[in-house]
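Asks: Given the sequences, and given the hints that come with them, work out the whole structure.
In the order they appear, the protein sequences are chains A and B. Numbered according to the working numbering, the first sequence spans residues 1106 to 1310. Numbered according to the working numbering, the second sequence spans residues 1106 to 1310.
No lab work stands behind these hints: they were computed from the structure. On a predicted model such as this, the values are computed, not experimentally measured, just so you know. No residue lacks a Cβ here, since even glycine has one placed at the ideal position from N, Cα and C. There may be inaccurate statements among the hints.
As the list claims (entries may be wrong) - Partial pick of chain A residues on the chain B-facing surface, computed with a CB cut under 7 Å: (1) H1265; (2) A1266; (3) Y1269; (4) K1280.
What the hints assert, rightly or not - DSBU-like cross-link-like pairs, simulated, lysine-lysine; straight-line CA separation at most 35 Å: (5) B:K1250 to A:K1290; (6) B:K1295 to A:K1218; (7) B:K1134 to B:K1238; (8) A:K1218 to B:K1267; (9) A:K1250 to A:K1134.
Unchecked claim - Okay, the calculated beta carbon distance ranges per label pair: (10) B:I1136 to A:F1132: 52 to 60 Å; (11) A:K1134 to B:Q1264: 35 to 43 Å; (12) B:Q1169 to A:R1298: 38 to 46 Å; (13) A:R1298 to B:H1152: 43 to 51 Å.
Number of protein chains: 2
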Amino acid sequence: MKNQKGLLIVISGPSAVGKGTICKELFKKNIENLELSISVTTRNPRHGEIDGVNYYFVDKNRFQEMIDNGELLEYALVYDNYYGTPKKYVIDKINEGKDVILEIDIQGAKQVKENYDDGIFVFIMPPSFKELKNRILKRGTEAQKDIDIRMKCAFDEIQHAKYYNYIVVNDDLDKAVENIYCIIKAERCKLSRYNLDLFEFKEEL
Amino acid sequence: MKNQKGLLIVISGPSAVGKGTICKELFKKNIENLELSISVTTRNPRHGEIDGVNYYFVDKNRFQEMIDNGELLEYALVYDNYYGTPKKYVIDKINEGKDVILEIDIQGAKQVKENYDDGIFVFIMPPSFKELKNRILKRGTEAQKDIDIRMKCAFDEIQHAKYYNYIVVNDDLDKAVENIYCIIKAERCKLSRYNLDLFEFKEEL
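Replies: Dropping the structure here:
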């Protein structure tokens, strides 16, 4: 009775909100049929990173080709290195009936929405701006000026929340992870996920 | 940041599908801010039943008055006794920010949808018709003819599934309860549940 197609679940939010940690915890739950998308990048593999597991490592020519051919759901240039989400990998998984999680920044999520409106977009919200600032401060050794820029940027990013389907406040990590788990479970119960072919019932009458 | 208004969650499905058992198990989880609606009825209280706890007990004149005044979200006549859902009770709870569960039959759910389209409608589906028949057989001592009528009726009821938001297959009780729990949690994270007043963030900048 279930449709075969999987879901595309986009987890995004301002930088330092904790989306990486949330996704890591989520995958510890070993949810059946759920996969994390693998990004493609032009940066060099770090020690221990495996091609096709942590990332797909490609050179800049190949990446440019992927952009030109529309092979990416989204991409970005970060400090001279490209990062992107290969469309084929994601669509293949979805067609296999797997649900795929993309953990990406706001700009990436915006691109995905343009390319795949059928996705489920989850915005991770900081409990407050003050708390987001604390998390940014904790992360690094940035100068006051850079912190101000990041905070201004985060404020702009939060404006995008209104384009998402769900908002999960990252106040308590366990609760945030549970909410995302529940969103996935609930989305799997949506009417549109079922092929209500009642003939299979009729035969049993 | 949260909206104050609660959710109306309608749990319905064909008779004998197990919606009563699911709701009983759901309430054992003591979900914060969740209440089961109390029905109004013209039948006499059974031993131990308390007015305003198990039911609101009223006489037929008062019930007729409630119908005439549009005081009911839905009602039905079952073997000479009326049962209904008092609108005021439900709306008051929702306005207090409580989420309210209605566990009702298909006809009742149809009436609620006409009166309160903003509800979340969950259809409990039997894993198969064969299994539903087993459950009906287990319940009572009905004659073969009555069982045939009930099965035909259940088949008609299942046609209504397409008007619901979610479908939960009652294959495994724990899984069905978890799915409904997740639907409630996920619905609470829906964008529409938030009042994205970013000024409260701006003040912190």
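Asks: Hint by hint, note whether the structure agrees.
Replies: Hints, verified against the model:
Taking 7 Å as the C-beta contact cut-off toward chain B, the hint placing H1265 (chain A) at the interface is violated, the least distance being around 10 Å. A hinted interface residue such as A1266 (chain A) counts as satisfied when its beta carbon comes closer than 7 Å to some beta carbon of chain B; here the least separation is about 6 Å, so the hint holds. Here the hint on Y1269 (chain A) is kept, as its CB sits about 6 Å from the closest CB of chain B, short of 7 Å. The criterion of a C-beta within 7 Å of any C-beta in chain B is not met by K1280 (chain A), whose closest approach is roughly 10 Å, and the hint is violated.
Taking the CA atoms of K1250 (chain B) and K1290 (chain A), the gap is about 40 Å. The hint is violated against a cut of 35 Å. Between K1295 (chain B) and K1218 (chain A) the alpha-carbon distance is near 17 Å, which keeps this suggested pair within the 35 Å criterion. Note on K1134 (chain B) and K1238 (chain B): the hinted pairing holds, with a Cα-Cα distance of about 29 Å set against a maximum of 35 Å. In summary, the hint linking K1218 (chain A) to K1267 (chain B) is supported, as the alpha carbons are separated by about 27 Å, within the 35 Å threshold.
Between K1250 (chain A) and K1134 (chain A), the direct Cα distance comes to roughly 40 Å. Violation of the 35 Å bound is thereby established for this hinted pair. In this structure the supplied range 52 to 60 Å is violated for I1136 (chain B) paired with F1132 (chain A), their Cβ-Cβ distance being about 26 Å. K1134 (chain A) and Q1264 (chain B) have their C-beta atoms about 36 Å apart, which keeps the hinted 35 to 43 Å range intact. For the pair Q1169 (chain B) and R1298 (chain A), the supplied restraint of 38 to 46 Å holds, since their beta-carbon distance comes to about 42 Å.
Our hint of 43 to 51 Å for R1298 (chain A) and H1152 (chain B) holds, since their Cβ atoms are close to 44 Å apart.
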